[in-house]
Amino acid sequence: MPIRTGSRSWAALVVGAAAVLATPGALADGVDFAHEVVPILRKHCAKCHTGSARQGGYSFTDRTLALAGGDSGQAAIVPGKPAESELFLRVTSAEPDLRMPKEGDALPAAAVDVLRRWIVAGAGWEDGFSFGGAVHEAPLELVPVELPPPHAGRTHPIDRILDAHLAAQGIPIPPPCDDATFIRRASLDLVGLLPAPTAVAAFVADGDPGKRARLVRDLLADDLARAEHWMTFWNDLLRNDYTGTGFITGGRRQITPWLHRALVDNMPFDRFVRELVAPGEESRGFADGIVWRGTVNASQTVPIQFAQNVGQTFLGINLKCASCHDSFVDRWTLKQTYDLAAIVSADPLELERCDAKTGAVATPAWPFPELGQVDPAAPPAERRRQLAALLTLPRNGWLSRTLVNRLWQRLFGRGIVHPVDALRAPPFSPELLDWLAADLVAGGWDVRRSLETICTSAAYGAATPPVAGLPATAAPFRGPLPRRLTAEQFVDALWQLTGAAPGRPDAEVARQRPDPAAPPPAPPTAAWIWSNAAAAAPPGEKLAFRKRVALPAAPVHGACVVTCDNEATVFVNGRKVAAATAWNTPVTEVVTGALTAGDNEILVVAANAAAGGPAALRAELRIRLTDGTALAVGSDAGWEWSAGLPNGKGRYATGKEPADWQPAVVVADQSIWGAADAPFAAGVAAATATGPLPMVRAVLVKCTPLQTALGRPNRDQVVTARPGELSTLEAIQLANDQSLADTLRSGAGRIRAACSDDPAAIADAIFIAALARPPSAAEAAAVRDLLGTEPSDASVADCLWSVMMLPEFLFVR
Amino acid sequence: MAHRPSRDPSQAATRREFVGALAAAAGATLALPEPRRLLGAAPAPPARADAIIVLWMAGGMAAPDTFDPKRYAPFEPGLAVADVISTFPAIPTAIDGVRICAGLGEIASVLDRGTLVRSHVQPDLGSILHSRHQYHWHTGYVPPQTVACPHLGAWMARVLGPRNATMPPFVTIGQRLEGIGENEEIKAFTTGGFFGSEFSPLNLPFPEEAALAVRPPQGMDGDRFAARERHFKKLLAASPRREFTSDYHQESLLRSVDNAHRLLSSREREAFDITREPKEVVERYDTGRFGRGCLLARRLVEQGARYVEVTTEYVPFLHWDTHERGHETVARMHAEIDRPIAALVRDLEARGLLDRTLVVIASEFSRDMITEGRPGSTATDQAKSPKDFLLEPAHYGQHRHFTGGSTVVLFGGGVKRGSVYGRTADERPCLAVENPVTIADLHATLFSALGVDPATAFEIEGRPFYATEDGKGRPVEDLFA
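First to last, the protein sequences are chains H and U. Counting from 0, one number per residue, gives the positions in the first sequence under numbering that gives the first Met the number 0. Counting from 0, one number per residue, gives the positions in the second sequence under numbering that gives the first Met the number 0.
Everything labelled a hint here was simulated from the structure, so no lab data went into it. Model, not experiment: these values are computed from the prediction. A couple of the hints might just be wrong.
Stated by the list, open to error - Pair ranges (Cβ atoms, derived): (1) H:573 / U:217: 29 to 39 Å; (2) H:46 / U:45: 55 to 65 Å; (3) H:80 / U:205: 52 to 62 Å; (4) U:104 / H:418: 55 to 65 Å; (5) H:171 / U:45: 36 to 46 Å; (6) H:512 / U:217: 56 to 66 Å; (7) H:38 / U:282: 58 to 68 Å.
We put the CB at the ideal spot given by N, CA and C, even for glycine.
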């Protein structure tokens, strides 16, 4: 069969690769340089012959030096010829004066054999590998930055640094992008949404020189939109999702409600880190990792996952290599990884090297004792708190640098240190990195403020430069690079353009906000109830309370406020949604996903304290339906109680439903719990959606095949950057995904109606909404050609698709 | 109204010129997406096969009830479990003196074209979870892992590329990824992993609907589909932002869009449509989804696919995952796989493709009526069937997960014809007692057959990551002719 090879095809990718990457062998003749040769040289020889140590004038820091030899004048390594290689002759010499290593035992026979085979096979070397030196490491503490003088009145600190950087590189300062580009860029970058057409027009027409900064501040002030955009970034870094491996066997937890709230509230980053590292119930999913049933590799136990994830996500340190052996690519050791892991381990942790026990036991410790150390004798929970405190010390430059580097990467398409998985390459501007990090710390770890600082610089507002290939590591700054829309941005944009967002999210997150235009939320309707008016209950009495609610339309919002003297668990339709444990501290939870159109059952298991005393329950649901109807369902005499209790899932086994449901009784003296009134009312106000809810965002729904295809990861691992390229499979999905086609068609109808079927108006509407600019004359002609004089759903859908496939749409630039 | 773009599009060069200029400027540095491949000096082994078809027996195919028959006894109430190992009698095959289980007569008749490996072994991981073992078998790594591991097929696609530039190099057939138990765990390895989605499988859960995957969406005929792409190209050419198409990212984007449309409007896409086969051919294969999947696999390989996997589909407690009625269920599985596998081997042979196509029948582990895992294992027993005496027919069959020895069948692709490698003990526990073959070594064998060095490594997050775990897999050279 003829095999076609084209230059622009699936095959071309691989054909091209072979031509580029011809380097000396790394895996010669079954000898694995990284895993076999490096450890031998490192263990027996590196102390005297790498870096600045050049005993006998010989260093093998890199391959050139390794081959060259030292003072003897003999080539240390002659590829292919061990018998002519001084290094090999010396390690095998029987002559005590010549034999290496000088001190200690001779190399074991197995090690000699590895070196011999390695040299015979050509002494291959990992491309770019170096013993020491090559891995960049900034000083632990931030280096104070003296800002260069402003250039041409550009006074923003970032511009002062970058203008000097550009001048030093002989690169002209990039010109600003146009205003339409800027509003689309800032909107997608900061809140993840396309700007509204009216906002584009107003922004472009605005003559205020401060309008870009004002726009940035206005966008950032939309807490919900900002949070739901940056949630994608954090879900990737904290490996949080609604589905995925591990959930099936209870080996994994979400942190969704906590994360959403933390982002909406712009929780200071140091506290954010502390709550993840020394977590409460709601945020423990990150530190707990993923547990698979059965035995796992020693490098994947829960404590080691903790060390890896904390190291990578917060410190920009990659401990994955160092989970099996001392890292060959940077300085992190097996012991450092195990010591960090031991902080959270309840039991002593024995070091295992490549799955073999070593006999050594880890001491709970983190890798920067210069800043202080955890107390190895303290209990694990206390050690976690100590670690969290150490991590977030302002003097810990790793934490702040890692975060600002990743923010920069999202906003400029490339990290100051690239790639962003770890801080181990030289930054293109150390001054910029440390200034931004110091500014984050000085601003009280306020991430929103850092975003504002970055995006109000002229550098952020510069035009994107044309780039021919992938820039090298530490390539100088030339302006923001184009960055591909994330799967979530693409789907959000699709929903904006078509109005096809789903009615409610899968994530149980608080999206309701006080609507200043709407009347304030109605006060609570719920009363304290029990089985009798005196609230009399034997010690430890446990009763079930229920309320059945028929919803005439689908709910778009539901939240529940509950408190109990003494404890209550709330189930909605067999799903546990809330638990209250202190009568004076009502709990508020979003329950949207548990509610459904039609019949709903609210079931509360309420218990009196073992010590006795009065008992009562107070609960209220606030619900909003698709048709705008608002409902309040408060505990009252319309509820029922029974002593028959459901199972742990809030369900009665078939045939075990109680037959004795009786009307609940409003407790006569409601003032007993007066101290809970104010917090309960506040909870109800927070639980109420007074106005329409903002569009459901892609980040809040379970991953779909389309989102998967567009690069939303499954989040089994920490993800620090998504692929920048669109793959062929993704392009196939975009070409024929049925849900995409159907969505575009439904959106087409709305656009036709809004534009009264006028082809020119349709072209303008689509272009302005999608690209923040009207079509050029040539584009308008192309659209006219597509739509004809009588646009149809099909032709408008095809026009939408064509615009959404343009690079100008698929990239933020 | 917003501003009008100032640049006159007629002043800009055409995109075609940009592509040319890019090729000239970037030349060989038109890089692949990360990660970077680490090249060894050792030459890749000579390829014995150009394509591979993995026939996946999902859920644990019991060797004693399929390809490695042992002492047989029919069911009778009160039968001592110790007195029966196989629940099917053995039948002769086209290899002298080699027997497999009754019910696999068609495969028996083509067995002289292949090799039985009766000593494949797996770790039991302390607790059996099918999807976890399947992850291990398909990636070579035990989950969880610190990076997303690529599927075996993704390695083949990444290292070898497609045989036909229009065809997706890596296709999986027969496994639904939504709406079934453990689906997230199955998804986790049905992926290109850190190689990215360019090397992920085109997943076709229903072979009879495969043509839809390479067809325009429903409601859009071919003419409209073609017109839409034409209009897109026109719009692209008219774009005032066209100067940016010299960007590396945009070029790769447009290349992928072109690839997609080339496939979706190609002659090759007919390979996805099994209704184009003559009726009598469809009938030879059509024992169900798996059988139709085998036919689809043959068509795809004929058109130049590189790696195709057809699964009987993993659904907890269904198909090979027998937790009761094992004998009955396996008899049904025999009927499902026997004809199509034999037809596939015969058809590949008749077309002269078998010599260069490696066909592999494999499963995550075997099964036994008594032992969970292997002797001495800490794995929790998940079956309720008795280990002493059988009282009910529902308990007749293999209900426990056995990791001590299973069978892999290889056809074509340079392996020996009419050969048996390795052996399990004739009595319980039926451990592999001769030439055990681990997953790493089996993978090394498959990689070698396709001309891929089992120590091939890519750099991901600064570390080397190998085709077989730590590059340690060694091909079983004795399997090759």
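Status of the hints after comparison with the structure:
1. H:573 / U:217: 29 to 39 Å: holds (36 Å)
2. H:46 / U:45: 55 to 65 Å: violated (43 Å)
3. H:80 / U:205: 52 to 62 Å: holds (60 Å)
4. U:104 / H:418: 55 to 65 Å: holds (56 Å)
5. H:171 / U:45: 36 to 46 Å: With a Cβ separation near 54 Å, residue 171 of chain H and residue 45 of chain U fall outside 36 to 46 Å, so the hint is violated.
6. H:512 / U:217: 56 to 66 Å: At 39 Å between Cβs, range violated.
7. H:38 / U:282: 58 to 68 Å: holds (60 Å)
In the structure shown, a violation is registered for the earlier hints numbered 2, 5 and 6, in ascending order.
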